[in-house]
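S.K.: Sequence:
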Amino acid sequence: DPHFLFNTLNGLKTLIRKDPEKAEQYAIEVSGVYRYLLRHNRNTTVTLEEELKFLEAYTSLLTLRFEDNFRINLDIDPAFNSRMIFPMSLQLLVENAIKHNVVTSQHPLLVQVYIAKDQIIVENLINLRSTTDGISQYGLFNLNTLYQLHYNKEIEIFQYDGVFKVSLPIL
Numbered sequence: 113d114p115h116f117l118f119n120t121l122n123g124l125k126t127l128i129r130k131d132p133e134k135a136e137q138y139a140i141e142v143s144g145v146y147r148y149l150l151r152h153n154r155n156t157t158v159t160l161e162e163e164l165k166f167l168e169a170y171t172s173l174l175t176l177r178f179e180d181n182f183r184i185n186l187d188i189d190p191a192f193n194s195r196m197i198f199p200m201s202l203q204l205l206v207e208n209a210i211k212h213n214v215v216t217s218q219h220p221l222l223v224q225v226y227i228a229k230d231q232i233i234v235e236n237l238i239n240l241r242s243t244t245d246g247i248s249q250y251g252l253f254n255l256n257t258l259y260q261l262h263y264n265k266e267i268e269i270f271q272y273d274g275v276f277k278v279s280l281p282i283l
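When we follow my numbering, the leftmost residue of the sequence shown carries the number 113, and every step to the right adds one.
No lab work stands behind these hints, which were simulated from the structure alone.
Owing to the predicted nature of the structure, the values given are computational and were not obtained by experimental measurement.
Think of the CB as a built atom: it goes at the ideal place given N, C-alpha and C, for glycine as much as any other residue.
Careful, some of the hints might be misleading.
Unchecked claim - Label-pair restraints from in silico Cβ distances: (1) THR156 <-> GLN231: 15 to 21 Å; (2) LEU252 <-> ASN122: 19 to 25 Å; (3) ASP189 <-> SER242: 37 to 43 Å; (4) HIS262 <-> GLU161: 16 to 22 Å; (5) LEU240 <-> ASP131: 23 to 29 Å; (6) GLU136 <-> LEU240: 28 to 34 Å; (7) GLU266 <-> GLU161: 21 to 27 Å; (8) LEU240 <-> ASN122: 17 to 23 Å; (9) LYS211 <-> ARG154: 24 to 30 Å; (10) ILE140 <-> ASN193: 22 to 28 Å; (11) LYS211 <-> ARG151: 20 to 26 Å; (12) GLU136 <-> GLN231: 35 to 41 Å; (13) LEU150 <-> ILE269: 25 to 31 Å.
Unchecked claim - Heads up, simulated SDA-like pairs for lysine to any residue below, C-alpha to C-alpha not over 25 Å straight-line: (14) LYS134 <-> ALA169; (15) LYS265 <-> ILE188; (16) LYS165 <-> TYR146; (17) LYS125 <-> ILE140; (18) LYS130 <-> LEU117; (19) LYS134 <-> ILE210; (20) LYS211 <-> LEU252.
Turn these sequences into a full structure, and let the hints guide you.
M.R.: Quick look at the structure:
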């Protein structure tokens, strides 16, 4: 995904200037993330456990980049670990939250990931960047298309009371 690579390299560039030691750790984490991408780029599904491990590696990149201004809360019952999900679907939703919201010490971003009614939910408070035209639907549209084509299921998108939430069927 060129967009993902572009964002990752921009994060590395920022860290090189700001904190070379963190930049080195970031580069190590990036290699782990790309290993996952290469291993699963042709898979239509992965276990939730694999996807959550990948998400933890990806969010460690975000933590190195944004420090205490970004947090993720993963509240997933291990009983769901063997269930299936599309690779990078959770990462896409977290990346979407980062892309469209302010992430600063005045406005830290908390992303919550949990299970409700056989769905995996990813939600965050909305604090849109001034340079964005609202929340992009392109990545969400592509993810929904995958669910429709492969499993005849749809993702659900909610935006209410300053909260953005996406509900993914667990396969």
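S.K.: Now look at each hint and say whether the structure bears it out.
M.R.: Against the structure, the hints come out as follows:
1. In this structure the hint that THR156 and GLN231 lie 15 to 21 Å apart at CB holds, the actual value being about 19 Å.
2. The given range of 19 to 25 Å is respected by LEU252 and ASN122, whose C-beta atoms sit roughly 22 Å from each other.
3. At about 38 Å, the beta-carbon gap between ASP189 and SER242 stays in the expected band of 37 to 43 Å.
4. Take HIS262 and GLU161: their Cβ atoms lie about 20 Å apart, and the range 16 to 22 Å holds.
5. Roughly 28 Å separates the CB atoms of LEU240 and ASP131, a value that falls within the hinted 23 to 29 Å.
6. Roughly 33 Å separates the CB atoms of GLU136 and LEU240, a value that falls within the hinted 28 to 34 Å.
7. The given range of 21 to 27 Å is respected by GLU266 and GLU161, whose C-beta atoms sit roughly 24 Å from each other.
8. Distance hint check for LEU240 and ASN122: the Cβ-Cβ separation is about 20 Å, which falls inside the suggested range of 17 to 23 Å.
9. Under the hint 24 to 30 Å, the C-beta atoms of LYS211 and ARG154, about 26 Å apart, fit the expected range.
10. For the pair ILE140 and ASN193, the beta carbons lie near 26 Å from each other, so the given range of 22 to 28 Å is met.
11. At about 25 Å, the CB distance of LYS211 to ARG151 agrees with the hint of 20 to 26 Å.
12. Checking the proposed 35 to 41 Å range against GLU136 and GLN231 shows it holds: the Cβ atoms sit about 38 Å from each other.
13. With their beta carbons about 29 Å apart, LEU150 and ILE269 fall inside the hinted range of 25 to 31 Å.
14. Proposed proximity of LYS134 and ALA169 is supported: the alpha carbons are some 15 Å apart, at most 25 Å.
15. About 21 Å separates the Cα atoms of LYS265 and ILE188, which keeps this hinted pair within 25 Å; it holds.
16. Proximity of LYS165 to TYR146 is assessed by CA-CA distance (about 13 Å); at most 25 Å being required, the pair is judged to hold.
17. Restraint check: the Cα-Cα separation between LYS125 and ILE140 comes to about 14 Å, which is no more than 25 Å; the hinted pair holds.
18. Under the criterion of a C-alpha separation no larger than 25 Å, the hint pairing LYS130 with LEU117 is consistent with the structure, at around 20 Å.
19. At roughly 19 Å between alpha-carbon atoms, LYS134 and ILE210 fall within 25 Å of each other, so this suggested pair holds.
20. Note on LYS211 and LEU252: the hinted pairing holds, with a Cα-Cα distance of about 13 Å set against a maximum of 25 Å.
Of the numbered hints given earlier, the model fails none.
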